[in-house]
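Trainee: Line by line, the protein sequences give chains A and B.
First residue of the first sequence: 1, per this note's numbering; consecutive thereafter.
First residue of the second sequence: 1, per this note's numbering; consecutive thereafter.
Hints may be right or wrong, so weigh each one.
What the hints assert, rightly or not - Calculated cross-link-like contacts (lysine to aspartate or glutamate; reagent style DMTMM-like; alpha-carbon spacing at most 25 Å): (1) 10/A <-> 57/B; (2) 19/B <-> 73/A; (3) 56/B <-> 39/B; (4) 238/B <-> 158/B; (5) 56/B <-> 78/B; (6) 56/B <-> 43/A; (7) 48/B <-> 36/B; (8) 154/B <-> 78/B; (9) 10/A <-> 96/A; (10) 19/B <-> 9/A; (11) 19/B <-> 72/A; (12) 56/B <-> 31/A; (13) 156/B <-> 31/A; (14) 56/B <-> 22/B; (15) 19/B <-> 69/A; (16) 56/B <-> 29/B; (17) 19/B <-> 6/A; (18) 19/B <-> 57/B; (19) 19/B <-> 31/A; (20) 19/B <-> 43/A; (21) 48/B <-> 49/A; (22) 156/B <-> 57/B; (23) 238/B <-> 176/B; (24) 10/A <-> 78/B; (25) 88/B <-> 2/B; (26) 56/B <-> 112/B; (27) 88/B <-> 78/B; (28) 156/B <-> 317/B; (29) 10/A <-> 49/A; (30) 238/B <-> 172/B; (31) 238/B <-> 317/B; (32) 56/B <-> 96/A; (33) 56/B <-> 85/A; (34) 10/A <-> 42/A; (35) 19/B <-> 47/B; (36) 56/B <-> 9/A; (37) 19/B <-> 29/B; (38) 48/B <-> 2/B; (39) 48/B <-> 78/B; (40) 19/B <-> 39/B.
It is worth saying that the hints were derived from the structure and are not from the lab.
Remember, it's a predicted structure, so these values are computed and weren't measured experimentally.
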Amino acid sequence: MPIEDDLFDKLRIELRRGALSLGVLLALREERYGYTLRQELEDGGLPIEEGALYPLLRRLETQGLLTSEWREEGRNKRFYRLSEDGERVLAQLLQEWNAISQSIVRLSEGNK
Amino acid sequence: MDLIERYLAAIRRNLPADKAADVTAELREDLFSRIDEREGGLGRSLDKNELSAVIKDSGHPLVVASRYRQQQQLIGAETYPFFIFTLKLVLLIVGAIILIAAVAAMAFGGADPWQAIPRAVGQLAMYSLVNGGAVTLAFAILDRNGFAAEHIRKWKPETLPDLGEERRGKWEGPLEVALTIAFLLWWTGLVSPEFRPGGANFRMEAAPVWQQLYLPILILALARLVHNVIQWLRPRWKTARLILGAATAIGALALLPVLYSAGEWARIVPIGMPADAAMGLQNSLNLALRIAIIAVGVIWLIACLGELWRLGRAARERAV
Numbered sequence: 001m002p003i004e005d006d007l008f009d010k011l012r013i014e015l016r017r018g019a020l021s022l023g024v025l026l027a028l029r030e031e032r033y034g035y036t037l038r039q040e041l042e043d044g045g046l047p048i049e050e051g052a053l054y055p056l057l058r059r060l061e062t063q064g065l066l067t068s069e070w071r072e073e074g075r076n077k078r079f080y081r082l083s084e085d086g087e088r089v090l091a092q093l094l095q096e097w098n099a100i101s102q103s104i105v106r107l108s109e110g111n112k
Numbered sequence: 001m002d003l004i005e006r007y008l009a010a011i012r013r014n015l016p017a018d019k020a021a022d023v024t025a026e027l028r029e030d031l032f033s034r035i036d037e038r039e040g041g042l043g044r045s046l047d048k049n050e051l052s053a054v055i056k057d058s059g060h061p062l063v064v065a066s067r068y069r070q071q072q073q074l075i076g077a078e079t080y081p082f083f084i085f086t087l088k089l090v091l092l093i094v095g096a097i098i099l100i101a102a103v104a105a106m107a108f109g110g111a112d113p114w115q116a117i118p119r120a121v122g123q124l125a126m127y128s129l130v131n132g133g134a135v136t137l138a139f140a141i142l143d144r145n146g147f148a149a150e151h152i153r154k155w156k157p158e159t160l161p162d163l164g165e166e167r168r169g170k171w172e173g174p175l176e177v178a179l180t181i182a183f184l185l186w187w188t189g190l191v192s193p194e195f196r197p198g199g200a201n202f203r204m205e206a207a208p209v210w211q212q213l214y215l216p217i218l219i220l221a222l223a224r225l226v227h228n229v230i231q232w233l234r235p236r237w238k239t240a241r242l243i244l245g246a247a248t249a250i251g252a253l254a255l256l257p258v259l260y261s262a263g264e265w266a267r268i269v270p271i272g273m274p275a276d277a278a279m280g281l282q283n284s285l286n287l288a289l290r291i292a293i294i295a296v297g298v299i300w301l302i303a304c305l306g307e308l309w310r311l312g313r314a315a316r317e318r319a320v
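So here's chain A without its partners, still in its complex pose:
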């Protein structure tokens, strides 16, 4: 049913939006540049368009959760990694993620 597919896609995008920020923060516990970060996320099951990734990286950096620097490595590349604030916020977000996950499991089991 096309309408149901469309609805599912919208809900899936909403669901994944928050998870992507968390995925990016997790992947950047190790220093990476945009292209390798995107590959890491895709390999981990969280593919993201480059058109969405780079603005997200800018926003997280502006919020103080990431640091970045340009470095020559074959070509000139911008490397990102988690800042100290980012590590603290990531720990809080992971707790929140786990709490949500447990709630969903409890709710889904309650309906059986």
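Following the hints, position chain B against chain A.
Mentor: Okay, now just chain B, sitting in the frame of chain A:
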């Protein structure tokens, strides 16, 4: 590679100036990394079409650039309900005013419906666009200033209307406001619809008493407009609403004797009509108006007593 530079230049043109160079440098690096990967997989350089496909995958330049802007939408989700509510009301009032003016021009001004209706439709389209644009612009500015968050923070459930107020029709409030605005626009001469009452051989004119009462009627109508707006949008402001309601009803009652004592409210100016016939028509017309003023006086007296009773009841409720 010319295509890549053209693509990056198109993005760059739409980026905020302070980050344009940095962003395009990063996007260039990403594009080359993807091209390297594709070429590594194929074991050869990409042809023109393959390169075009890689660039197309990166997204339309306007969309890519827009994602770097802080403001992603003209009116955000928080402000949107307030915007759409206001837009509907403004368009409703505009529509009602144009409709009233068109009906008045056809009913009393002898306007030709074949001309009046298309003109009204044209005015409706033009004024809806202008007012809709003004409301959209105002809310776009409010959205940037965090209006919705502040309004929601300050909002109190106690300001919700009583269930009794809810029983008023949905369109009653806006219609009263629209009618009062339409009257004010006509009374002040800001809008002059084709309203030239008369016949083939005579013209009807207002008697001098209306000129003498111009200012009191204007003040009364303005006060009534404020009352109607409060009744519609802030029904919980009971004291202000009741005081204004009673004051305007008393004011109208006070004007009636002055109006009644004039004895003449309309004049017939003959244009080829015999003078005695014109005088007869004028007398009949003024007799009809005399009866109408008495009827209006009785209705207003009842309304005034009603407003005073409600004001007294509100005062008693507050005292308890």
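Trainee: Any hints from earlier that this structure breaks? Give me their numbers in increasing order, please.
Mentor: 5, 10, 12, 13, 17, 20, 22, 25, 26, 32, 33, 35, 39, 40
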